[in-house]
Structure formats: C-alpha cells, structure tokens
Amino acid sequence: MLILISHIGIGAVDLAAAFLFLYGLHRMSSPVTAPSGIFVAGIGMAVAVLASFLYAFDVGAAARPNLPVNLGLAVVALALGGGVAWWGGRKVAMTAMPQMVAIYNGMGGGAAGAIAAVELFGNKAPGAGALVMTLLGALIGAVSLSGSLIAWAKLDGVINKPVRVKGQQVFNGLVLLLTVAVGVYIVVASADKAALLLTMPMWIYIFFACALALGILMTLPIGGADMPVVISIFNAFTGLAVGIEGYVLQNPALMIAGMVVGAAGMLLTLLMAKAMNRSVSNVIFTNFGDVASTHKQGKIKGELKPTQPGDAGIAMRYAASVIIVPGYGLAVSQGQGKLYEFVKLLQAGGVSVKFAVHPVAGRMPGQMDVLLAEAGVPYDMIFQLEDINDQFATTDVALIIGANDVVNPAARTDKSSAIYGMPILNADYAKQVFVVKRGEGKGYAGIVNQLFYADNCNMVYGDAQAVLIKMIEAVRGLGLPAVA
Amino acid sequence: MDFQISISGFVALYIFMLAAFAGWVIIGRVPAILHTPLMSGSNFVHGIVVVGGIYALLNASTVQEQVIGFFAVLLGAGNAAGGYAVTDRMLAMFKTSGHPAGHGGHGKTGTVKSIHVKKH
Chain X
0 MLILISHIGI GAVDLAAAFL FLYGLHRMSS PVTAPSGIFV AGIGMAVAVL ASFLYAFDVG
60 AAARPNLPVN LGLAVVALAL GGGVAWWGGR KVAMTAMPQM VAIYNGMGGG AAGAIAAVEL
120 FGNKAPGAGA LVMTLLGALI GAVSLSGSLI AWAKLDGVIN KPVRVKGQQV FNGLVLLLTV
180 AVGVYIVVAS ADKAALLLTM PMWIYIFFAC ALALGILMTL PIGGADMPVV ISIFNAFTGL
240 AVGIEGYVLQ NPALMIAGMV VGAAGMLLTL LMAKAMNRSV SNVIFTNFGD VASTHKQGKI
300 KGELKPTQPG DAGIAMRYAA SVIIVPGYGL AVSQGQGKLY EFVKLLQAGG VSVKFAVHPV
360 AGRMPGQMDV LLAEAGVPYD MIFQLEDIND QFATTDVALI IGANDVVNPA ARTDKSSAIY
420 GMPILNADYA KQVFVVKRGE GKGYAGIVNQ LFYADNCNMV YGDAQAVLIK MIEAVRGLGL
480 PAVA
Chain C
0 MDFQISISGF VALYIFMLAA FAGWVIIGRV PAILHTPLMS GSNFVHGIVV VGGIYALLNA
60 STVQEQVIGF FAVLLGAGNA AGGYAVTDRM LAMFKTSGHP AGHGGHGKTG TVKSIHVKKH
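For the protein sequence lines, the chains are X and C, in the order given.
Numbering follows numbering that gives the first Met the number 0, with no gaps: position 274 of the first sequence is 273.
Numbering follows numbering that gives the first Met the number 0, with no gaps: position 109 of the second sequence is 108.
FYI, nobody ran anything at the bench for these hints, they're computed from the structure.
Predicted model only: the values in this text are computed from it and were never measured.
All C-beta atoms in this analysis are idealised placements derived from N, C-alpha and C, irrespective of residue type, glycine included.
Mixed in with the good hints, there may be bad ones.
Think about it this way: if two alpha-carbon atoms lie no more than 25 Å apart in a straight line, the pair counts; the simulated DSS-like pairs of lysine-lysine are [as the list claims (entries may be wrong)]:
| hint | chain 1 | residue 1 | chain 2 | residue 2 |
| --- | --- | --- | --- | --- |
| 1 | X | Lys90 | X | Lys337 |
| 2 | C | Lys94 | X | Lys337 |
| 3 | X | Lys337 | X | Lys469 |
| 4 | X | Lys414 | X | Lys273 |
| 5 | X | Lys353 | X | Lys337 |
| 6 | X | Lys165 | X | Lys353 |
| 7 | X | Lys304 | X | Lys123 |
| 8 | C | Lys94 | X | Lys90 |
| 9 | C | Lys94 | X | Lys304 |
Rough simulated footprint, nothing fancy, chain X against chain C, three-plus residues with beta-carbon under 8 Å [to be verified]:
| hint | region |
| --- | --- |
| 10 | 29-40 |
| 11 | 84-90 |
Please model the complete structure; the sequences and the hints are all you need to start from.
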C-alpha cells in the first residue's frame with residue numbers, strides 16, 4: 000500500500016514539476032514576466048526534490064538495511080551542495096557570471112555521470128538497450144563536467160592561453176573512438192559473461208577516465224572569446240545527459256526537463272554562433288585568433304585624434320541625441336554606475352539617450368544587458384543591434400565605451416579581415432564619434448579598428464570609470480538648468 | 000491499476016521528441032536581452048538531476064554506490080541551488096523606466112516618453 004501511495008505521489012508531483020518547468024521557461028521569454036518565471040520553475044524543483052524522498056518506501060531488498068544511512072547522506076548532500084552553491088550564487092559579481100554558470104553546469108553533468116556510475120557499478124541496467132543508454136549518458140555527462148571546469152578556468156583566467164598541439168583534432172578523435180570502444184566492450188562483455196581481460200569495475204573506471212579526458216582535450220584548444228558558445232554547448236550536453244539518465248531511471252520529469260534544456264541549449268548555441276558570424280563547428284574545430292595575427296592589415300588612412308574627457312562630455316550635453324555603445328571594457332572598470340549617472344545628467348538636460356548593445360558585447364550574449372540592468376538602467380532604454388542600427392545616421396553623437404570589434408567597419412568592407420561579415424553596430428555613421436579606451440591596443444580579435452582613424456572620430460584615453468567621472472564633473476560645471 | 004511508470008522504446012522517443020520541440024519553440028521567442036539569464040535559467044532546470052541522484056543514493060547497497068550516490072546528490076543540489084540563485088538575481092535587476100529601482104528617473108518625462116517600449 001505504501002509503495003502504491005509513493006508511486007502515485009511521485010508521479011503526480013513529477014508531472015506538476017514538468018509542467019512548472021515548461022511554464023516557467025515560457026514566462027522567462029519576456030523581461031516583464033521573467034522574474035516570476037524562475038520562481039515558478041523553482042517551486043517545481045522544490046516539490047520534486049521533496050517528493051523524491053518518497054522513493055524511500057520502495058527501495059530494493061539489497062539496499063533496505065542501508066536506508067537510514069542513505070537518507071541521512073541524502074539530506075547532508077542536499078544541504079551541503081545546495082547551501083554552498085546558493086551562497087556562491089548570491090556572492091558572485093555580475094561580471095563573473097559566465098564562469099559561475101559554467102561551474103553549475105559542470106556540477107549537473109557530474110551528477111548525471113555519477114548516477115550512471117551507480118547504475119553501472121551496481122550492474123542495475125535491465126538489458127543491453129538500457130546499458131547503452133546509461134553509458135551514453137555517462138559519456139555526455141562526464142564530458143560536460145570536465146569541459147565545463149576547463150571553460151571555468153579559462154574564463155576566470157586560471158588558464159590564459161589556448162593549448163594547441165599539432166594533430167590535436169585527430170588525437171581527440173582517437174580518444175573518442177577509444178571511449179566508444181570501451182563502452183561497446185562493456186556492453187558485449189556483460190551480455191555473454193565472457194572471460195574478461197580486466198574486472199568489470201576496472202573497465203568502467205577506464206570508460207570514465209577516457210570520457211573525462213575527452214572533455215578536457217576538446218575544450219583546451221578553444222580560445223577564451225569563444226567560451227560562451229562552449230558553455231552553451233555543454234549546457235545542452237548536460238541537459239541531454241540528464242534526459243538520458245531520466246530514461247534509465249524511468250523518470251519522465253528528468254526526461255522532459257533534460258530534453259527541453261538539450262534542445263533549448265542547442266538553439267541558444269546556434270543563435271550565439273550566428274551573432275558572431277561563425278558556425279558552431281568553426282568555433283570548436285578552428286583556432287580563432289591565429290588568422291587575425293598572421294593577416295596583413297591594409298594601409299590605414301587618417302590619424303588618431305585624442306581629446307579630453309571634459310570636452311567630450313560637454314559636446315554630448317549640447318547634442319540632441321546620443322547613442323552609447325558599451326563593451327566589456329566598461330564592465331572591467333566597473334563604470335556602469337557612473338555611466339548611468341552621466342546619462343541621467345544628459346537626460347535632465349533634454350538630450351535623448353539610448354544604449355545600443357551588440358549581441359556578443361560582454362563575455363556572454365546578453366551579459367551587457369544584465370550589467371546595465373544592475374546599474375539601474377531601464378531595459379526600455381537598451382536597444383539590440385537590429386532595432387537601433389538605422390538610427391546612428393540621424394544621431395549627433397555615438398559614445399563607444401570599452402567596445403572595439405563590434406563597431407569595426409572592416410566587418411562590412413574588408414573581405415580579408417577575420418571579422419568580415421560579422422554584424423556590427425554602425426556607430427561610424429553618427430555625426431560625431433567618441434571612443435573611450437584605455438590605450439591604443441587592439442580588440443579581442445586583434446584587428447586594427449579603422450573607425451578610430453575616421454574624420455568624425457575622437458579618442459578619449461583612460462579607464463572608463465575615471466573618464467566618466469571627469470565627464471560628469473565637466474557637465475555639472477556648466478551649471479546649466481535642467482529641462483523639465 | 001499500476002502506477003509504476005514504465006517507459007520503453009518508442010514511448011521514450013515520443014517524450015524526447017515533444018520535449019525537444021517544446022524547448023526549441025520556447026527559447027526561439029526569447030529576446031537577445033534575456034540570453035544570459037536564459038542560459039542560466041535552463042542551467043537551473045537541468046538541476047532536476049538531483050532527483051535522480053536521490054533515487055540512486057536511496058537504492059545504494061554498497062559503500063561504493065553510497066559514495067558515488069552522495070556525490071550525485073551533492074553536485075545535483077549545487078546545480079539546482081546555484082542556478083536558481085544566479086538566475087533570480089539577474090532577473091530581479093531588469094526594470095522599466097516606469098519603475099526605476101530607487102535610481103531616480105523623475106523630472107525628465109520628456110525624454111522618457113520619446114523612448115518607446117520594444118515589443119517582441
């Protein structure tokens with residue numbers, strides 16, 4: 000009777016959880032409803048976790064003596080893992096968000112891999128089909144775990160340079176083949192109980208070692224600029240692994256949630272790659288950056304024309320319209336708050352101000368939107384590339400802060416450039432362009448920016464936050480009355 | 000009537016297909032401004048793996064299974080709790096000009112009016 004009740008309870012709660020996940024993600028598709036969306040999904044998660052303790056009424060005979068200990072372990076693991084991660088998620092700075100997502104994603108992949116390991120070591124798969132699925136989930140989960148950790152290390156600066164060896168792709172392919180071969184051997188050997196070269200647990204260890212190595216080897220050669228795409232891929236991988244392990248455990252909530260994330264992650268990856276004008280395979284298999292460094296630049300006409308922060312600030316105060324193009328350099332100097340203070344000052348003087356955000360501004364698509372939102376900028380002042388690109392031509396001033404490649408006109412004109420074809424913000428069409436930059440260095444792609452040499456462009460050198468403070472002082476110093 | 004769920008073969012494929020389609024359609028409508036919160040939000044959703052971890056741990060019969068099961072729950076719980084904390088924090092920051100969160104925004108209605116709210 001208790002078993003029946005626990006089955007009904009888990010079934011009903013998991014059904015509700017699956018619905019709440021879908022509904023929650025649906026609500027996340029608009030900034031207005033998004034906060035309630037994550038809350039709805041959170042309720043689904045909470046009830047599903049609570050209901051999963053009903054499994055205690057239906058454990059196998061072999062595990063029954065361990066049940067009190069296992070229950071205790073489960074509570075400790077939940078409190079410990081959940082508590083530490085919650086604390087980390089609350090503390091982390093918004094600029095460090097991509098690597099945090101990478102860590103949490105790796106944890107999910109690791110959990111899926113660990114579930115598969117329990118099934119494998121316990122020899123619990125009921126047949127060859129289930130065994131194949133378990134191994135597949137284990138492979139994808141383990142790759143996601145080790146790959147995400149490398150992605151974290153790269154974004155956090157622990158690993159600075161892409162590690163590239165000649166013939167690496169071939170070697171990685173061989174490791175993948177080896178992993179699959181070990182998996183096939185495990186399936187065949189457990190089917191006909193033939194004499195083993197090594198004990199079965201040993202083969203399982205080898206399988207996981209190969210899968211973990213594969214994740215590391217795959218991620219090492221990829222440059223830091225491409226990490227967001229990689230994290231998105233691993234996010235989809237983890238979803239896939241969770242969905243597959245859900246099948247192995249016969250749990251439809253895991254199957255649905257995992258597969259929804261698998262598909263959503265794949266689409267998100269494609270969207271990101273598209274915004275960078277590259278294909279997903281291009282991100283994974285080619286060494287971006289090398290091309291740019293060996294490519295010879297064409298002759299640049301004109302010269303750099305530096306100007307003082309105060310002069311640039313005053314020019315903007317007397318303009319009718321300003322479009323601001325923020326980049327990661329702004330986030331590095333933590334200048335978002337000062338920027339919004341400056342914007343409010345301009346708005347008080349009747350200047351129309353808009354933000355133009357490139358799809359890949361920041362270290363992760365959409366991260367710049369989050370950073371601006373953190374500073375208090377209302378999201379209806381923030382415009383995406385396709386919505387604002389036509390307006391630069393009729394705008395008095397374009398202010399570029401900490402952005403570089405996303406406003407490089409070479410993407411439109413120079414066919415030999417590494418970023419040719421990438422959609423850019425047409426900041427160069429504005430009547431006057433100010434570029435706030437720390438020095439004369441190149442952008443992430445390592446390409447000289449022709450815009451900086453254009454007749455209508457002036458450079459303001461300095462740390463973004465320091466420059467903005469000077470601009471604010473200069474505009475305040477004018478003592479102009481605010482326009483009501 | 001048996002309430003023990005049994006999913007095999009084509010039933011599993013149907014579930015996977017419909018779930019994948021749902022995920023694809025839902026994400027396809029999300030504006031670029033929400034891409035980072037969304038990646039984090041979908042990251043949270045696969046934290047449901049913790050439920051599978053609890054199942055595996057409760058059914059562990061050897062010390063080895065207990066240790067691995069413990070890590071499954073530990074990592075899964077981290078995925079779920081961390082994903083929620085980060086996503087919730089990010090989404091709470093999105094505000095409209097109508098409701099600026101204590102950052103002022105009054106006395107300049109002329110400019111604010113000229114900025115139309117985007118429709119996606």
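>> So if I understand the rule, the pair passes when the alpha-carbon distance is 25 Å or less; does X/Lys304 with X/Lys123 pass?
In response: violated (71 Å)
> Within the region 84-90 of chain C, is the number of residues with a Cβ closer than 8 Å to a Cβ of chain X three or more?
Replying inline: holds (count 7)
>> Between the alpha carbons of X/Lys353 and X/Lys337, is the straight-line distance 25 Å or under?
In response: Given that 25 Å is the threshold and the Cα spacing comes to 16 Å, the pair holds.
>> Hint check: X/Lys414 vs X/Lys273, CA-CA at most 25 Å. Holds or violated?
In response: This hinted pair holds, its Cα atoms lying about 18 Å apart.
> Within 25 Å, alpha carbon to alpha carbon, are C/Lys94 and X/Lys304?
Replying inline: violated (38 Å)
>> If you count the residues of the region 29-40 of chain C with a beta-carbon closer than 8 Å to a beta-carbon of chain X, do you get 3 or more?
In response: With 12 residues in contact (Cβ-Cβ under 8 Å with chain X), the coverage given for the region 29-40 of chain C holds.
> Is the Cα-Cα distance between C/Lys94 and X/Lys337 25 Å or less?
Replying inline: holds (18 Å)
> Does the alpha-carbon distance linking C/Lys94 and X/Lys90 stay inside the 25 Å limit?
Replying inline: holds (21 Å)
>> What's the verdict on X/Lys165 and X/Lys353, does the C-alpha distance respect the 25 Å limit or exceed it?
In response: Violated, at about 47 Å.
>> Please verify whether X/Lys90 and X/Lys337 have alpha carbons no more than 25 Å apart.
In response: holds (22 Å)
> Taking only the CA atoms, is the gap from X/Lys337 to X/Lys469 under or equal to 25 Å?
Replying inline: With Cα atoms ~10 Å apart, X/Lys337 and X/Lys469 stay inside 25 Å; holds.
Checked against the numbered hints given earlier, the structure breaks hints 6, 7 and 9 and satisfies all the rest.
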